[in-house]
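Take the sequences, apply the hints, and build the full model.
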Amino acid sequence: ARRGLGLGAVGARGAVSGPLSGWAGPGRASRRLFSTRNILVELEEGAGVAVMKMKSPPVNSLSLDFLTEFSISLEKLENDRGCRGVILTSAVPKIFSAGLDIKEMCGKSAEHYAEFWRAVQEMWLKLYKSNMVTIAAINGNCPAGGCLMAVSCDYRIMAENPKYSIGLNETQLGIVAPFWFKDTMVNTIGHRATERSLQLGLLYSASDALKIGIVDELVPEEKVLNAAAATMSQWLAIPDYARQISKSMMRKPTLDRLLTHRESDIQNFVSFVTKDSIQKSLQMYMESLKQRKG
Amino acid sequence: ARRGLGLGAVGARGAVSGPLSGWAGPGRASRRLFSTRNILVELEEGAGVAVMKMKSPPVNSLSLDFLTEFSISLEKLENDRGCRGVILTSAVPKIFSAGLDIKEMCGKSAEHYAEFWRAVQEMWLKLYKSNMVTIAAINGNCPAGGCLMAVSCDYRIMAENPKYSIGLNETQLGIVAPFWFKDTMVNTIGHRATERSLQLGLLYSASDALKIGIVDELVPEEKVLNAAAATMSQWLAIPDYARQISKSMMRKPTLDRLLTHRESDIQNFVSFVTKDSIQKSLQMYMESLKQRKG
Amino acid sequence: ARRGLGLGAVGARGAVSGPLSGWAGPGRASRRLFSTRNILVELEEGAGVAVMKMKSPPVNSLSLDFLTEFSISLEKLENDRGCRGVILTSAVPKIFSAGLDIKEMCGKSAEHYAEFWRAVQEMWLKLYKSNMVTIAAINGNCPAGGCLMAVSCDYRIMAENPKYSIGLNETQLGIVAPFWFKDTMVNTIGHRATERSLQLGLLYSASDALKIGIVDELVPEEKVLNAAAATMSQWLAIPDYARQISKSMMRKPTLDRLLTHRESDIQNFVSFVTKDSIQKSLQMYMESLKQRKG
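Chains as they are written, first to last, in this note's numbering: chain B, 1 to 294; chain A, 1 to 294; chain G, 1 to 294.
What you were told as hints is all true, and nothing was included just to trick you.
Here chain A is said to cover these stretches of chain B; the calculated rule only asks that three of the stretch's residues, wherever they fall, bring their Cβ under 8 Å from a Cβ of chain A:
id: 1; segment: 183–194
id: 2; segment: 224–238
id: 3; segment: 245–255
Label pairs and their calculated CB-CB ranges:
id: 4; chain 1: B; residue 1: Q267; chain 2: A; residue 2: K280; range: 48 to 54 Å
id: 5; chain 1: B; residue 1: E75; chain 2: A; residue 2: A91; range: 51 to 57 Å
id: 6; chain 1: G; residue 1: P162; chain 2: A; residue 2: G46; range: 34 to 40 Å
id: 7; chain 1: G; residue 1: P162; chain 2: B; residue 2: Q267; range: 49 to 55 Å
id: 8; chain 1: B; residue 1: R257; chain 2: A; residue 2: A110; range: 34 to 40 Å
id: 9; chain 1: A; residue 1: Q267; chain 2: B; residue 2: Q267; range: 38 to 44 Å
No wet-lab data here; the hints were simulated from the structure.
Beta carbons are placed, not taken as given, at the ideal position from N, Cα and C, and that holds for glycine.
Spelled out as structure tokens, the structure:
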């Protein structure tokens with residue numbers, strides 16, 4: 001009999017259904033919206049796909065409020081059996097996210113820094129281990145923490161605009177990307193490219209990002225969301241359960257490393273950011289940003 | 001003196017011989033054949049190279065019998081000092097191997113599933129840690145377990161036939177590739193490509209497989225075996241002992257991971273495959289294969 | 001406020017200075033030379049960059065003396081707050097380094113072999129963990145231990161001369177690259193390329209080395225040093241402290257593996273090299289080198 005496990009799969013995907021083919025009930029077609037100050041969620045109930053739009057002008061900085069809302073919104077979708085996939089994108093023109101909000105790292109108490117850092121960790125833990133299909137629709141600049149969000153998704157589509165760049169550029173600011181930023185980057189582009197990237201704080205143009213593998217696909221700017229939706233439907237054709245286990249198998253060791261060292265990672269951040277020299281640098285940097293704005 | 005370890009090696013390979021240059025005795029030129037129901041072995045004693053031909057039509061499914069014969073044949077060659085390299089290929093047109101035999105996973109006892117899974121493990125352990133040079137001559141479709149066999153060899157040559165594909169496509173069937181399939185794939189194409197590949201159960205065309213590194217070389221279909229033999233003679237020019245230690249250094253941590261978790265891996269498989277929902281899916285899938293056949 | 005951590009970095013590198021921007025004092029412009037028998041060091045105090053020139057004709061073999069001088073010279077620079085980067089190159093035409101000196105491995109006592117191997121380890125430990133920016137200016141052949149030195153630097157520029165090659169070719173001589181050579185190579189070109197490379201003892205032409213990622217850049221032979229200096233000034237634009245922590249984060253696990261197993265690694269080498277069969281092979285190999293020389 002022609003009964004090899006793999007062969008049939010070549011053309012017989014439809015043969016497997018029922019218990020393995022996912023959560024979404026049939027025939028529901030309404031759209032649900034919910035929004036916080038910084039995040040707008042549009043859930044297409046028929047497709048089982050949500051679009052999470054970051055809407056915190058001017059640059060979608062990851063403030064404590066932003067991060068908290070992000071984690072709550074994502075968890076809400078995670079627990080919604082009608083949602084199987086999330087497209088993460090920006091509602092602010094020209095920027096995906098500029099990363100961590102420096103204001104949360106300047107002139108505050110050690111307790112505040114610890115709370116902030118825990119929220120950064122929580123955002124990443126929730127996004128990187130999500131059971132949903134996660135696709136980043138990168139429609140603007142994507143440095144530092146913005147890049148972390150993108151590389152934590154399952155797939156990345158970037159606007160082919162030569163003005164946009166992406167990368168973990170912390171080193172250029174005298175800041176060090178924590179080990180789990182590094183781990184996520186190694187999982188995406190490998191050890192050597194990450195080593196060079198982190199040492200130099202490199203920002204890659206969209207086309208270089210594609211070459212080195214930080215993003216998976218470039219499309220014209222106006223087509224980023226449509227391309228993300230098309231890719232999403234390909235990913236949702238895969239039985240959820242097997243896809244989720246496969247994803248978890250790949251990512252669990254990296255997630256566990258932070259879970260094991262979570263408190264010491266917070267302590268590291270607090271003791272780093274409370275240094276006089278670092279506070280001075282960050283304040284000078286904030287001043288320079290204000291002047292550029294003005 | 002011109003005595004750097006590396007420099008001489010540039011042109012002086014012939015200088016090292018005697019104790020380091022391998023096992024094969026000189027001047028033996030006969031051919032030995034041995035065959036089981038599913039595997040035909042042709043050992044060229046002069047070259048010290050065996051060709052293992054999988055001959056279980058229609059699709060070289062990895063049944064319990066097949067796997068047992070495979071492991072015994074490979075061990076026989078391993079213990080034969082006259083054999084230094086193995087070329088693994090198919091005697092069935094258009095298919096290398098379709099992977100695990102679904103019939104072994106349907107309607108049988110838990111004991112049977114455990115025995116079957118142990119045989120799958122054994123095949124991989126023997127192939128991945130082989131002291132011989134192992135080359136896959138991929139002359140047909142190569143999904144799932146077939147792909148595992150191929151990526152467990154030292155080198156892969158595939159027929160450049162656009163109809164053939166290769167990949168770990170288990171997810172498309174609602175099945176999850178076990179962690180050691182995943183590990184072997186990560187060792188071959190890296191973390192990111194494996195993550196995407198496993199989540200989507202991707203099958204790659206021969207040319208895409210070359211690009212992503214699942215195979216090392218494409219040749220016209222009728223030249224696959226000759227190309228494998230030519231590559232084999234290059235590999236056999238290397239002193240066996242140093243090559244074997246180098247291979248073991250690269251693969252031992254991956255092998256040890258399964259050896260350490262072998263029993264729990266069997267238990268995982270048994271408890272997965274005995275689920276009602278999985279049995280139902282596999283039976284539906286088998287029905288669909290029968291109908292395609294008819 | 002426009003206060004994302006990453007965004008500002010896009011164009012505002014100059015904003016961070018003071019405590020984070022490095023060690024070099026301003027306005028010093030003299031050049032210091034110091035030299036041992038095998039190593040010449042030229043330190044440009046204004047730039048904070050040293051050029052280490054290996055000058056042990058005919059092939060810069062890594063003898064015990066050479067290695068000891070190398071480690072001492074590097075440590076001297078490491079402890080010099082006026083030196084932030086090192087360019088490693090050769091003063092001998094057509095050869096970067098031919099690797100370990102076979103004379104140190106032939107006809108000596110077990111104590112000598114142990115001392116020699118410890119010196120090889122020490123060279124690698126110092127180079128791979130250096131806090132300085134390390135750039136290899138590969139102006140000649142670069143096999144075996146020479147390749148190890150190169151891949152232990154932060155960046156590699158090679159002369160695009162088709163006669164030069166680079167690679168860990170130990171296996172071709174019946175010798176096995178130790179696990180930390182292997183680890184360094186995996187960190188540079190990944191698992192699969194390393195596995196093939198070590199099993200076959202591959203030497204890559206400059207252009208193949210670029211393709212596979214052993215080197216980062218090719219330039220005409222006469223421009224290697226200038227290109228290295230230009231790259232160095234880009235790397236030195238990054239704040240030292242953040243770059244050093246990032247580098248250490250990437251390399252510490254690999255360094256720790258040798259530190260943990262240092263004594264057993266020495267024992268392995270001694271028991272390997274004292275084997276009669278290996279001594280015989282190495283002596284034959286040395287004879288063949290002498291004849292080629294004559």
